[in-house]
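Student: Single-letter residue listing:
Protein chains: 2
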Amino acid sequence: MPEFFTLVAPDEARARILEQAAPLGQTEIIPTHKAAGRTLCADVPSPQVLPEFRRSAMDGYAVQAQDTFGAGDALPAYLKLAGEVPMGCAAAVDVGPGAAVLVHTGGMLPDSADAVVMIENTQLVGQDEIEVCKPVAPGENVIQVGEDIALGDPILTSGHILRAQDVGGLLAVGIVQVEVMRRPRVAIFATGDEVIEPYLPTRPGQVRDINSYIVAALAERAGAEAVRGSILPDDFDTLLVSARQALDNGADMLVLSAGSSVSVRDMTADVFNRLGEPGVLVHGIATRPGKPTILGMAQGVPLMGLPGNPVSAFVQFAMIGLPVIYRLLGTAPPKEPSMRARLAANIASTAGREDYVPCTLAEQDGELWAEPIFFKSNLIFTLVKADGLLVIPLDKTGLEAGEWVRVRRV
Amino acid sequence: MPEFFTLVAPDEARARILEQAAPLGQTEIIPTHKAAGRTLCADVPSPQVLPEFRRSAMDGYAVQAQDTFGAGDALPAYLKLAGEVPMGCAAAVDVGPGAAVLVHTGGMLPDSADAVVMIENTQLVGQDEIEVCKPVAPGENVIQVGEDIALGDPILTSGHILRAQDVGGLLAVGIVQVEVMRRPRVAIFATGDEVIEPYLPTRPGQVRDINSYIVAALAERAGAEAVRGSILPDDFDTLLVSARQALDNGADMLVLSAGSSVSVRDMTADVFNRLGEPGVLVHGIATRPGKPTILGMAQGVPLMGLPGNPVSAFVQFAMIGLPVIYRLLGTAPPKEPSMRARLAANIASTAGREDYVPCTLAEQDGELWAEPIFFKSNLIFTLVKADGLLVIPLDKTGLEAGEWVRVRRV
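Protein sequences, first through last, are from chains A and B.
Position 18, counted from 1, in the first sequence is what the numbering used here calls 47; the numbers after and before it change by one each time, with no gaps.
Position 156, counted from 1, in the second sequence is what the numbering used here calls 185; the numbers after and before it change by one each time, with no gaps.
Please note: incorrect hints may appear among the correct ones.
Unchecked claim - No more than 30 angstroms apart at the CA atoms, straight line, and that leaves these computed lysine-lysine pairs for DSSO-like:
#1 B:K163 - A:K163
#2 A:K364 - B:K163
#3 A:K414 - B:K320
#4 A:K63 - A:K109
#5 B:K163 - A:K320
#6 A:K414 - A:K320
#7 A:K364 - A:K320
#8 A:K63 - B:K425
#9 A:K425 - A:K414
#10 A:K63 - B:K163
#11 B:K163 - A:K425
#12 A:K163 - B:K63
#13 A:K63 - A:K163
#14 B:K414 - A:K364
#15 B:K63 - A:K364
#16 A:K414 - B:K63
#17 B:K414 - B:K425
Since the hints were made in silico from the structure, they are not lab data.
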């Protein structure tokens, strides 16, 4: 019996599963300095002001600004050198009218000082006097208390994926532990009577499993923990039992890489429907490669049935699987403004279908050019050679050489 | 004594250290499925052809194409159904003239078959005969032996940083272990009498170390192993002994985050010169933020002295430190075509200086806009708020709102 496809547009397919997938809501507390790449699960207000004391922005002399007004090369202001504030110490000496105190970049300002004269604009006269040959305004070369961040100001918001500088910002205000989302566990099964583990020699008719490893690598880069199950035969009961066990064992997402023949794809859909409500959400997506992709939900767990073709599996997991992982993490995929490139050759497509075409990228005369790699979607080395996927929108029947296209790096 | 700066343009500064830094040349063998993000240290030729047998690209019937020539809806070709090739098995049944064998997508073709008729273009007649209502050409719907990759073809070249699809490509041809560069060890010291560990409460005049953590996070993302040393006081002998120990203990790169006052910066340069030949290579870069950056080499190890300002330290380590790490890995920084955005506000600069201005990014009407965050380079929260750094080239005295600018994501 031929399969009945009700193809769904890619955006709609993604929306259907994202709508039902809920953030895990389970968190863990980890050291801030190990938290780069992890997702915050609560807003973080600053527990203190920063800086906590007025700091000098320059090497120079802390002064009362009004003592320098009118100073110039011809008529310098003379100030009495009252001492020095060593780095790391409170200012033990104050600056009275007509006085100056040596300060270093980042050092603390004495209480009565309101500006810093750069050392380049001064001259030492004897042991304890300086000439100032350029006036400073109040506040000049001073970093005020709280200028970096104020008490209670939002440092970062829930759902933010921490970068190197965020780790720095948190540590700067003494936040040495953070609560982050625990990593979603993605259970991945390769299935197919023809599929064997990569370390085994192949016999005629056999191919090595690569899809589960490709999906695992993509999932882990997005912050998930990938759990590869054993390779399953094309047998309904075995698939169902293995899928149920994965959910019982705490999988937060289930991926079956399920071969490409119609009967096997139907089996995946049946398994999803048997796992629980609502079961299959999308059976077939108006896209290429990856049309036979199946999406579902059961027991609150997002389910994804990927075609056996490695390029299809890669593209669909990148386009739909990764956004699901970010949803589980309570966040959106990292802001990645679309990259644009000029197309180096004509490409045909079909209206009503969104195509992702592997391409190489090269910069030429300051413009980025995308050269499509014409391919069969079964060929993994098409992707190995690719720098990106260029997108042919749903409403186009093709693109012409020279047109600007959106490209996603892979 | 005022410091003597001979400012070097950023490209020249980077070139000077990259010229002297040599790839580590030390490798390790790891499982391929754990190698995503690691750098290959040798070209990898394919040890086999892929596919190893002729595969069907469709669900359908393997046939001799000439038996279908002239077939149509009105006058179908009738072929005898000779059997099926189950997935994962060698084709045990052959296709004689006038015969057809059921095959599944990805399955093996019988020896004498040279094409596959899609199942949609056939009809079963009784138990053992099919009607074919559309002809196929020889080779149609067949993936030939070696079409994905040929024996000995280069899979990937030395210096390639492995992505998810590369892991798949290697496993597809049975390469389950790969030789990759070992991670460079980057020793990082924060120095400064005012600097304390982030978990400590601050006293007046003290600030928490964040630069060593920021550098560590950036270095690790680039594939290095970061080794943070203890926080060092502004004392020449302590700095020199600690730096020597780091080199003796096998550091492949040494980073001192060294405060911002002139005396402290001079101390870093003196330490570098005492560590060995050639010592300091660059003392001051024509850039902002980060002018006081110091680059050097000693005992074959690249040395980097970063300003104490966190924004300067971040920018300079990103712009120069990361390329050094990739050089140690025997590769170039990942191909990252420059992102372009339109500038949302005027910015002033100085000719002869390359500026990196933290900015936020937003897409508007399909165009990417960069909004500069005007900042003091001492303020870490400037970077926390930033999506990218926009570049003001060396020869510009500023940029005008609406201009296209290069932006680097941070």
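Student: Mind listing which of the numbered hints don't hold for this structure, in increasing order?
Tutor: 1, 2, 3, 4, 8, 10, 12, 13
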